[in-house]
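Enquirer: Turn these sequences into a full structure, and let the hints guide you.
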Amino acid sequence: MSEAATEETLSPRRGQILKLVVEEYVSTAQPVSSDALVRKYVPRVSSATVRNELAALEGYGYLYHPHTSSGRVPSDRGYRYYVESLMGGARLGEMEARMISHQFHQIELNVDEWLRLAGAVLSSHVRNPVMIWPPVSRTSIVRHIDFVPIGVGLVLLVVVLQSGMVRQQVLRFPDDDTPESLSDLAREWNAVYVGRSSAEIRRVEPPHEHQQLRRSIIALLDEADREFIARSGDVYISGISYMAAQPEFETRDQFRPVVEALEHHAFLPSLMEPLLQSDGVYVAIGQEQPIEPLRDCAIILATYGRQGDMLGVVGVIGPTRLPYWRTVPMVTYTAGMLDQLLASTFLS
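Numbered per the working numbering, the sequence shown spans residues 74 to 421.
Among these hints, one or two may not hold up.
To be verified - Capping the alpha-carbon separation at 20 Å, the derived lysine to any residue pairs in SDA-like fashion look like this:
#1 LYS92 <-> ARG150
#2 LYS92 <-> PRO396
#3 LYS92 <-> GLU157
#4 LYS92 <-> LYS113
#5 LYS113 <-> ARG124
#6 LYS92 <-> LEU159
#7 LYS113 <-> THR101
#8 LYS92 <-> GLU365
#9 LYS92 <-> PRO366
#10 LYS92 <-> VAL146
#11 LYS92 <-> VAL115
#12 LYS113 <-> SER143
#13 LYS113 <-> PRO85
#14 LYS92 <-> TYR114
#15 LYS92 <-> ALA109
#16 LYS113 <-> GLN89
#17 LYS92 <-> MET172
#18 LYS92 <-> ARG124
#19 LYS92 <-> GLY134
#20 LYS92 <-> PRO402
#21 LYS113 <-> ARG87
#22 LYS113 <-> VAL99
#23 LYS113 <-> ARG86
Claimed, not checked - Quick list of the computed label-pair ranges, beta carbon to beta carbon:
#24 SER197 <-> HIS138: 30 to 38 Å
#25 PRO330 <-> SER197: 18 to 26 Å
#26 HIS217 <-> SER158: 42 to 50 Å
#27 ALA128 <-> ALA318: 29 to 37 Å
#28 GLN235 <-> ARG329: 50 to 58 Å
#29 ARG288 <-> GLY161: 32 to 40 Å
#30 ASP185 <-> ASN125: 50 to 58 Å
#31 GLU323 <-> GLN241: 45 to 53 Å
#32 ASN263 <-> ALA318: 55 to 63 Å
#33 HIS175 <-> ARG288: 42 to 50 Å
Please keep in mind that the hints were generated in silico from the structure rather than gathered at the bench.
We put the CB at the ideal spot given by N, CA and C, even for glycine.
Expert: Right under this line is the structure:
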């Protein structure tokens, strides 16, 4: 794809047509033609004009022709543009939010029941499989930092966590650093960073010459967080039968690899970094998935809990043909509900 296409920002009309194609295709699972768009959505625009706009969108990589069909289907890039630029501030209706909140508040002081209910409610509303990772205590709290000279200009950064886990990374330091200066530096950093999580360290600004060192410590702590969350506790999975009903997974060969990936939940460590850095919710579409069996899928994830204390993850997986305008606010709301219950009961 050309650089011009990569940087394309759609005109309002092309954006509207892409939005209609995405939503029509999600609804019908059938390629969308210009005639269908004119008939159902834009009767005052000619078929020829719509065909030209569809061709332009295809040229930019937002749509493609499946086989010999006269209609078009959104690409991963088209879905990404929809999520980021066309979906708008999708949110739940007040009545639906109240009903879900009422269901959660019928269960008191039982995290397992909350998670089972979250999975059942969310999967029934989005009609796709749901994954709930239980909240776990974060391990990335610094107990001790040390710098060990291992060669000319090379120092081993050693970070010992409160859990007893040790993280190490080789760094380049100025050649004139002595063991005494490294010991002094370790004392300074221990005085500031011991007892802090990666989120707290991000808020402490070091001298300019030590910016890279701080980034290295944060990266080690974040790596420990991702691995710990991904391997901790049982994952609640609801609604697998919804995926079996999707035309994208109608054969055993299409369905089985996805189910196996879900059962082993090996994809979460690769998605934890963008999830932790996202603002509330993270969407991975198609080829953005970290493992091959999921590259015909979309995954929507949100965290709940409190970084530095307890943290869990809510997720929905389905074909890239997901109703993002509904699934994103549902995941966000469910994570927020678990967040409130956890905070009011255990983290207050």
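Enquirer: Work down the list of hints and note, for each, if the structure agrees.
Expert: Hint check results:
no. : hint                          : verdict
1   : LYS92 <-> ARG150              : holds, 13 Å
2   : LYS92 <-> PRO396              : holds, 12 Å
3   : LYS92 <-> GLU157              : holds, 12 Å
4   : LYS92 <-> LYS113              : holds, 14 Å
5   : LYS113 <-> ARG124             : holds, 15 Å
6   : LYS92 <-> LEU159              : holds, 6 Å
7   : LYS113 <-> THR101             : holds, 13 Å
8   : LYS92 <-> GLU365              : violated, 28 Å
9   : LYS92 <-> PRO366              : violated, 27 Å
10  : LYS92 <-> VAL146              : holds, 12 Å
11  : LYS92 <-> VAL115              : holds, 12 Å
12  : LYS113 <-> SER143             : holds, 17 Å
13  : LYS113 <-> PRO85              : holds, 19 Å
14  : LYS92 <-> TYR114              : holds, 11 Å
15  : LYS92 <-> ALA109              : holds, 14 Å
16  : LYS113 <-> GLN89              : holds, 14 Å
17  : LYS92 <-> MET172              : violated, 29 Å
18  : LYS92 <-> ARG124              : holds, 15 Å
19  : LYS92 <-> GLY134              : holds, 14 Å
20  : LYS92 <-> PRO402              : holds, 18 Å
21  : LYS113 <-> ARG87              : holds, 17 Å
22  : LYS113 <-> VAL99              : holds, 15 Å
23  : LYS113 <-> ARG86              : holds, 16 Å
24  : SER197 <-> HIS138: 30 to 38 Å : holds, 35 Å
25  : PRO330 <-> SER197: 18 to 26 Å : holds, 25 Å
26  : HIS217 <-> SER158: 42 to 50 Å : holds, 46 Å
27  : ALA128 <-> ALA318: 29 to 37 Å : holds, 33 Å
28  : GLN235 <-> ARG329: 50 to 58 Å : violated, 41 Å
29  : ARG288 <-> GLY161: 32 to 40 Å : holds, 35 Å
30  : ASP185 <-> ASN125: 50 to 58 Å : holds, 56 Å
31  : GLU323 <-> GLN241: 45 to 53 Å : holds, 48 Å
32  : ASN263 <-> ALA318: 55 to 63 Å : holds, 56 Å
33  : HIS175 <-> ARG288: 42 to 50 Å : holds, 45 Å
This entry does not satisfy hints 8, 9, 17, 28, going by the numbered hints stated previously.
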